[in-house]
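Novice: Read off the chains here:
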Amino acid sequence: MKTAGQLALDAASVRGVPYADARVVAIRNRSLTTKSGRVGHASESESLGIGVRVIADGAWGFAASADLGRAAVEAAATRAVEIARASARVKREDVRLAPEPAAVAEWTTPYKVDPFTTSVDQNIGLLLKVDAEMRAVAGVTLAETGMNFQREESWFLSSEGSDIHQTKYSTGAGYTAYAFAGSEIQKRSYPNSFGGQWQNRGYELIEEMKLVENARRVAEEAVALHHAEQCPEGTATVILDGSQLGLQIHESIGHPIELDRVLGMEANFAGTSFLTLEKLGKLRYGSELVNVVADARQKHGPGLGTFAYDDEGVAAQLTPIITDGRFTGYLSSRETAHTIGAARSGGTLRAEGWNRLPMIRMTNVSILPGETPLSLEQLIASTDAGIYMETNKSWSIDDKRYNFQFGCEIAWEIKHGKRVRMLKNPSYSGITTEFWNSMDAICSRDEWTLWGTPNCGKGQPQQVVGTGHGASPARFRNIRVGSAYS
Amino acid sequence: MLTKEKAADIFDRIRRFSSADEVEAIFTGSRFALTRFANNTIHQNVEDENSIVSIRTNFAGRTARSTANQFDDESLRRAVAASENLARVQAPDPDLLPMPTAEEANFGDPFAGEGARATRFFDQTASITPADRAEVVKSVVSIATKHKLMTAGIYSTSESCEGVFNSRGLANWHRQTLAEISITMLGDDSSGWQKLNSPDVSNLDAARLAETAAKKAIESVHPREIAPGKYTVILEPAAVLDIVGFMFGDYSGVAILDQRSFLNDRIGTQLFGENINVCDDAAHPLQAGSPFDGEGMRRRRVQLVENGVVKRVVYARATAQKMKNSEYAAKVGPIEATGHAFPLPNEIGEMPLNIVFGVPEKSQSVEGTRTIEQMIASTERGVLVTRLWYIREVDPYEKIVTGMTRDGTFLVENGKVQCGLRNFRFNQSLISMLSNVEAVSVPARACGEESFDMVVPAMKVREFNFTEATKF
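Going line by line, the protein sequences match chains A and B.
Just so we're aligned, residue 1 is where the first sequence starts under the working numbering, counting upward by one.
Just so we're aligned, residue 1001 is where the second sequence starts under the working numbering, counting upward by one.
Certain hints may be false.
Said to hold, decoys possible - Reference excerpt, derived from the structure (chain A facing chain B, CB under 10 Å, subset only):
#  : residue
1  : ARG38
2  : GLU44
3  : GLY51
4  : ARG79
5  : ALA80
6  : GLU160
7  : LEU277
8  : GLY370
9  : ILE397
10 : GLN405
11 : ASN425
12 : PHE435
13 : SER438
These are computed hints drawn from the structure, not numbers from a lab.
Beta carbons: idealized from backbone N, C-alpha and C, even for Gly.
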């Protein structure tokens, strides 16, 4: 594989380019689902190829090929140079890369059990057991489960001397119980919606999730929602569970801090950002309890945004994003670092695969837990009146990341420190900075989970990558609720 | 690029390597190039070529799939083995049918598999070079500069192929090209947007799209904020496409059987206004894409909605068989395989992906078509919407969706566009929306970002539910 990468660099070098890098990537994936007692789908896939990125005449070009033979690789490199020279016809200034020392490294996701060594029989057996538990509950009309493994091996070589070999594993699983009755469809998911929980780990994640143990409760809640009161419309104190807060971070902090968005590079599709450059270091993003980091290092945890080096060879880093409520950092790349006066990239450039251009992506963008011990039950007990919401059902935010609306699967009304009744169809909405400034409590480390979002889309052509979001339950005051059904 | 002959050779080897009762191979290949610009500069410019074979094996009702992008014997043997290993450990699926023969898939039409009746491959699209794309982008940038705006967008071109082969003799093949231009023009506090695609690049007029986007950015400068509430809206075709696209996954036999469709208990009822007619028609001249589905079955024209009444849904072969024996059989209209299946095995069955809205039949209660200008002229107070964004489903049975307006939202008063507006969040039931359509335009091919491409009209809709406003 390294040979193909070196061939590409040599072919680009012959054409006189000042910079080139090549990524050979081999991805293997297993995807299994069940639906109401049967296998939904069982599939495996492999994809192998090389992507070559060059700067020529001060502009970028990128070409990729699935053929790793000499002729095809050299042709891809030549094409990348041709494309870069075409790019240079419409440029305002030359691309500038922040300096980065060449890295020679080997790294593999720490794992206990290679998920691909587990038998498909065992995987499907577990999912069908969960499925049976859900369908044992009267009123469940549809039960769906899923399990996914991915192994991504990459070889990165650059004309500056980097030579990095990484192997990343990710694992995910989850399930949903649906109940259709009258004129309503209700659902409950575990451990999270839209694919469950995902991390950069081996099969041990599946074993720790207690999938079977929670299936009946989750199914019972889906049925019970039909008898619950509608979430009221108005203003309320809201407590969000960690998984929902993770998505709230993703949408209202993670995306607006992407420096390519801020600089207008995503204006046609994903949008821009309200976090214009003059706000760095000045904006009061949230209350003093809000501390958010972007941390790709293994020591942050096995998130979907954990790696040793990003896809342009920059080492994983921690960037303080919000410090005691103040906005302190963006996600950056070698190309964009100079726009914020940074001497070095923040190390966030990632690509979906060998045939996609790396771009700024969230790593693990996490809110730090509260320092004072506080459990979810203690947080609820300290709340006189409010609504506790769990598990995302819908999410939407404008293209500058100001106005958002989230729906959750289930909620409970809190009165005098106790959950007094279940509420269905809960939703809340607001403006990003007003929302984060209203946070007045966050649970401590014991309640903190590094959630995985496997389906983050960005770019043209769109690339889907996984991101990590550590969060523990937190409380927000004076939040608009219920407007989704207004 | 893969050819049908190369694919046939690969399939022959796959068959030799497999011991399954039946084998199917779906081929997809593309050479895709995209030039991306922002801040009046080309900042990303990419091209890739890739071909994939996806192999499905079947052992007496046990089936699974494996996909690879390398076609040497070792890679194909590994992919076949992966598919077989996944299949063998499963319990037989009593609903799984034998793979379709060529005759069954093509409904007896020997030429159907060649895609010859709807040529969607244009040499002038396939031969576009990076330099050609750069020149077009340069012309878009010059229009932005002329208007003192910044522009961002894409110009992409591709050629692609798709084939379904199986061990019962099916060998359907399709190739096509596609060119796409999307342009955002940005002012200091306003923006405008246009997007269009076509298999034939000569149908795209980048300068016209750029001028229209620029006009929207200029006319929406210093946007006003007005209170959210229920407004008459005029949705341009791209906005219609993006919002109505959220209901078509429910026009599926499997969705009905799973009781997750908003059409459960509603087929045959007057669900929408009498001026709503919708069919799925892969052969429509403004449509693009393959003439066959994930099993290789030819896509048939299906009238989904007639004068506001939902008439039927689409079916994969196995779904049709299952539906005929279900408790819903008498309540869902005609039941037959329609050529809308996703590749097997899957959980969601099928979906119409070539939506074409019809022109309403003019009657005492139904108006004929209106242009957008006529819709504006007939509006006392309302909102003109260019584009919708980040749409998500809030309620699956009432089909309430939420989202934002974007890149050109205008106040219409006294029959004229008055000024730009700050963007709104909406929470809108699609059932209500399609019951409140006061006027439609002649349907056009449109593309957005939230849903698949369709042939849709602009719509004037009363009581569209804006629930909040944002800050720009």
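Novice: Look at each hint and say if it fits the structure.
Specialist: Going through the hints against the structure:
1. Evaluation of the ARG38(A) hint against chain B yields a held restraint, the C-beta minimum of about 6 Å falling below 10 Å.
2. Among the interface hints, the one on GLU44(A) holds; its C-beta lies about 4 Å from the nearest C-beta in chain B, closer than the 10 Å criterion.
3. With a cut of 10 Å, the hint placing GLY51(A) at the interface with chain B holds, because the nearest CB-to-CB distance is about 7 Å.
4. Nearest Cβ of chain B to the Cβ of ARG79(A): about 6 Å, under the 10 Å cut. The hint holds.
5. Because the closest C-beta pair between ALA80(A) and chain B is about 8 Å apart, less than 10 Å, the hint holds.
6. For GLU160(A), the interface hint is violated, the least distance from its beta-carbon to any beta-carbon of chain B being 21 Å, above 10 Å.
7. The interface hint given for LEU277(A) is broken, as the beta carbon of that residue sits about 14 Å from the closest beta carbon of chain B, more than 10 Å.
8. The interface hint given for GLY370(A) is violated, since its Cβ lies 30 Å from the closest Cβ of chain B, which is over the 10 Å cut-off.
9. For the restraint placing ILE397(A) at the interface with chain B, the shortest Cβ-Cβ distance is roughly 6 Å, inside the 10 Å limit, so the hint holds.
10. With a cut of 10 Å, the hint placing GLN405(A) at the interface with chain B holds, because the nearest CB-to-CB distance is about 5 Å.
11. Checking ASN425(A) against chain B: minimum C-beta separation of about 7 Å stays under 10 Å; hint holds.
12. A least Cβ separation of about 13 Å between PHE435(A) and chain B goes past the 10 Å threshold, and the interface hint is therefore violated.
13. The interface hint given for SER438(A) is violated, since its Cβ lies 16 Å from the closest Cβ of chain B, which is over the 10 Å cut-off.
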